[in-house]
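Keeping the supplied structure of chain D fixed, place chain P upon it in accordance with the hints.
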Amino acid sequence: MNYFEVFGLPRLLSLDLKALEKTFHELSRKYHPDYFTTAPAEERQRALQMTAALNDAYRTLKHPVRRVEHLLEIEGFKPDGSKVPKSFLMEVFEINEQLEEVKAGSASKEQIAALRREIQERAQSFDQQLQLAADEWDKVSASGPANPTDEQKKRQLSRLTEILSESSYIRNLQRELEETS
Amino acid sequence: MPRIVGIDLGTTNSLVAIIENGTPRVIPGADGNNLVPSVVYFEEGGNVLVGNPARAKMIEKPKNTIFSIKRFMGKGLADVRDDLALLPFEVAPSSDSILRLKIFGREYTPPQISSFILRELKRNAEAALGEEIVNAVITVPAYFNDAQRQATKDAGRIAGLDVLRIVNEPTAASLAYGLQERRQGIIAVYDFGGGTFDISILKLSEGIFEVLSTNGDTHLGGDDIDEQLIRFVLADLKLTENTPALPAIRAAARKTKEDLSSAETAELAVETLAYRRPITRAEFDELIDPIVERTLKSCRLALQDAGLQPNSVDEVVMVGGSTRIPLVRSRVQAVFGRVPHTDLNPDEVVALGAAVQADILAGGKRDMLLLDVTPLSLGIETMGGVMSKIIPRNSTIPASASERFTTFVDGQTNVKVHVLQGERELVQDCRSLAQFDLKGIPPMPAGLPLIEVKFLIDADGILSVSAQEQRTGQYQSVAVKPTYGLTDDEVERMILDSFEHAETDIEAREVIEARNEAERVLRATAKSLERTEFSQLPEEEQDGITMAADHLRDAVKVPDHRAIREATERLDQATHHLAEIIMNATIAEKLKDKRVREVE
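So the protein lines, in turn, are chains D and P. Note that the first sequence covers residues 10 to 190 in the working numbering. Note that the second sequence covers residues 112 to 711 in the working numbering.
Only chain D is shown next, with the shape it has when bound in the complex:
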């Protein structure tokens, strides 16, 4: 299912969250099962399906990373871990070693704070890269040449895939650190 379509939106990554929420509330008032309690079973079932789809779409689109993941999915792209550059993997490996120390309880408070800072900086850098790549996608799809070539589209989608794959490592490290400390 294309969640952009549920909201009547084009496949663009920059979204007005306030407008998205407004449409979400309007559509909820239209389809919510609460308003179909007395309706025949078929209509009740339809209300349930419609609202579930609406909620799934809203949950996905309002979240910047899930939104990109969804775009890749409907464009037929899969995040591919094998493409992650070696140098990046080495960095992740290093951070992971420090994390193991934290887990073992042998890290000082200062070390933990420094690690948290480092991971956070990397996460922020990925957020920025994702934002840039998302803007590029929008430019190519919407305001670029009248008909973006498949080649141009593909290049942008690959770039988004790369960023998501790499940032997922950092996000996992971040979550692990929060769970340990």
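Don't read these hints as lab results, they were simulated from the structure. Hints should not be assumed to be uniformly reliable.
What the hints assert, rightly or not - Anything over 10 Å on all C-beta distances counts as not near chain D; from chain P, calculated: (1) 160; (2) 370; (3) 448; (4) 500; (5) 507; (6) 559; (7) 608; (8) 649; (9) 650.
Stated by the list, open to error - Pairwise CB distance ranges (calculated): (10) 125/D x 513/P: 31 to 39 Å; (11) 500/P x 19/D: 28 to 36 Å; (12) 73/D x 497/P: 21 to 29 Å; (13) 513/P x 93/D: 25 to 33 Å; (14) 351/P x 188/D: 37 to 45 Å; (15) 598/P x 126/D: 47 to 55 Å; (16) 188/D x 164/P: 47 to 55 Å; (17) 411/P x 49/D: 39 to 47 Å; (18) 122/D x 296/P: 29 to 37 Å; (19) 167/P x 184/D: 46 to 54 Å.
C-beta: ideal position from N, C-alpha, C; glycine also.
What follows is chain P alone, placed relative to chain D:
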């Protein structure tokens, strides 16, 4: 649309409410109290008492007076072993993934026991409204999992109710609050009840009540605070959990806890043990501090999940009896940096909100809409015992997700799916929800079949599953066996049982009453047979009386209340004339006595 009532099925108390002229109100029980204690007393012979009359039996008949049954809803024996240590109930040996209590040789699951409470509320509503009630909205703690929600729905069905919606308690409270205060903005509902704790963060805008996040503990409430005090007394007296004085100690603990909500010092007194000990609020606060701290941790997590700082919350609404505790109020105030709103009656606001939701469902209020969330992530077991999340916690419900499955072996026709709820990485740390087999997959080389399984969480927060093989378009039969729940067949059987139970109850009571009446008439007849007036009656009439009496003596031997009443009636008729004569004679004698005395 027939009327829909709102029910708060609480750990300690339960209430039923309706909307009248746009305003919710609680319907009191037969004794005039709005709160019906969630206590069920089983009499030998099958009679059942609910509410205050049952509560009065707690100390005297601890084994067959069941309270706090809500804590066992949707739970297996292993989950509740610790609780049972402090409870006097007898657990049936057949308990496994569903707890069963044994009472006078019969086994009862928690939904069955809860159904007695629901039936009482149903009766109260029917008596007050003069109509049959079949539709209800029932509230549950927001943090209840799938099995606990399903168990609540089952209880409703067993009680003869069509449960149109399961609503989360803090959300229901927000509806009642929103209706009254007409506020907009971010509110936090802190709901600390008898057995459970919930925190929900909501955004209120133009009649839409959108839950942003929820957190809690379905095993944290006033009962745990009582337990702290109970253990304190046990340690003081060097008694073990097995002491027969436990029910009396529990009653004393509750009283002391309540006293300390307004007084700085109170006395812990157990009369039967000749135990008296003053306790200060400071001592009490120290005892319960770890419990209160756990609720605050949930508050912080809920804020984090909502992506909010404590100071972005416009109002904190307090719900549940345990929010009367001063330490709870002051600590909540410290976390959110504002004085919590305590104007609503913390015992009634959830039931009132349930009535508001019932009114929305009945088509009464179209301007209000509740958008609630699922409290726990839904996932499936993947390779290596890892839980893969498919619907994250705090997703607005209804919510759905699809997952594709395939085969690992050529010609494989079955695929096993294990559904879980929880936040942890490993399957063993999550709550097993159900297992099912995808059956009848067309035999194909391994990895070729594509079965799309759709998981749907409905507006009650309850899961359903459907599956379709993508290549053939064939729908698969998915019979989900709940891990901690009753199957449909079991619920059906319990519904039948409850009818039988109810009918035999009434039948038995009728027989007892008819026999009592018969005995009374027979005793009176025996007395009058000794009087001279009897021997003065025509022989025909004398025979008539003795025959009717013999007939009644035979009738009472058979437990048929209609036959007994009929025979009683006949004897009454037969002795009618005699009774009149005796009555006149007695009056005459009395008057004679009086005259004699007057003369003297």
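These are the hints, each one checked on the structure:
Against chain D, the non-interface label of residue 160/P holds: every CB pair exceeds 10 Å, the least being about 34 Å. Listed as a non-interface residue, residue 370/P keeps its Cβ farther than 10 Å from every Cβ of chain D; the least gap is roughly 41 Å. Once the 10 Å rule is applied to beta carbons, residue 448/P is consistent with being away from chain D; the minimum gap is 24 Å. At the 10 Å boundary, the C-beta of residue 500/P stays outside the reach of chain D, the nearest C-beta of that chain being 12 Å off.
Its beta-carbon lying about 4 Å from the closest one in chain D, residue 507/P breaks the requirement of being farther than 10 Å from that chain. With a least beta-carbon separation of about 19 Å from chain D, residue 559/P lies farther than 10 Å from that chain, consistent with its non-interface assignment. Taking the minimum C-beta to C-beta distance to chain D, about 28 Å, the non-interface status of residue 608/P holds against the 10 Å cut. For residue 649/P, the shortest C-beta to C-beta distance to chain D comes to about 71 Å, beyond the 10 Å cut-off, and the non-interface label holds.
No Cβ of chain D comes within 10 Å of the Cβ of residue 650/P; the nearest lies about 72 Å off, and the non-interface call holds. A hinted range of 31 to 39 Å holds for the C-beta pair residue 125/D and residue 513/P, which are about 36 Å apart. A hinted range of 28 to 36 Å holds for the C-beta pair residue 500/P and residue 19/D, which are about 29 Å apart. Taking the beta carbon of each, residue 73/D and residue 497/P are about 26 Å apart, inside 21 to 29 Å as hinted.
Evaluation of the 25 to 33 Å hint for residue 513/P and residue 93/D yields a pass: the beta carbon distance comes to about 27 Å. For the pair residue 351/P and residue 188/D, the supplied restraint of 37 to 45 Å holds, since their beta-carbon distance comes to about 39 Å. Evaluation of the 47 to 55 Å hint for residue 598/P and residue 126/D yields a pass: the beta carbon distance comes to about 53 Å. For residue 188/D and residue 164/P, the Cβ-Cβ distance of about 50 Å falls inside the hinted range of 47 to 55 Å, so the restraint holds.
For the hinted restraint 39 to 47 Å between residue 411/P and residue 49/D, the CB-CB distance of approximately 46 Å keeps it satisfied. The given range of 29 to 37 Å is respected by residue 122/D and residue 296/P, whose C-beta atoms sit roughly 35 Å from each other. The hint said 46 to 54 Å for the Cβ distance between residue 167/P and residue 184/D, and at roughly 53 Å that hint holds.
Checked against the numbered hints above, the structure violates only hint 5.
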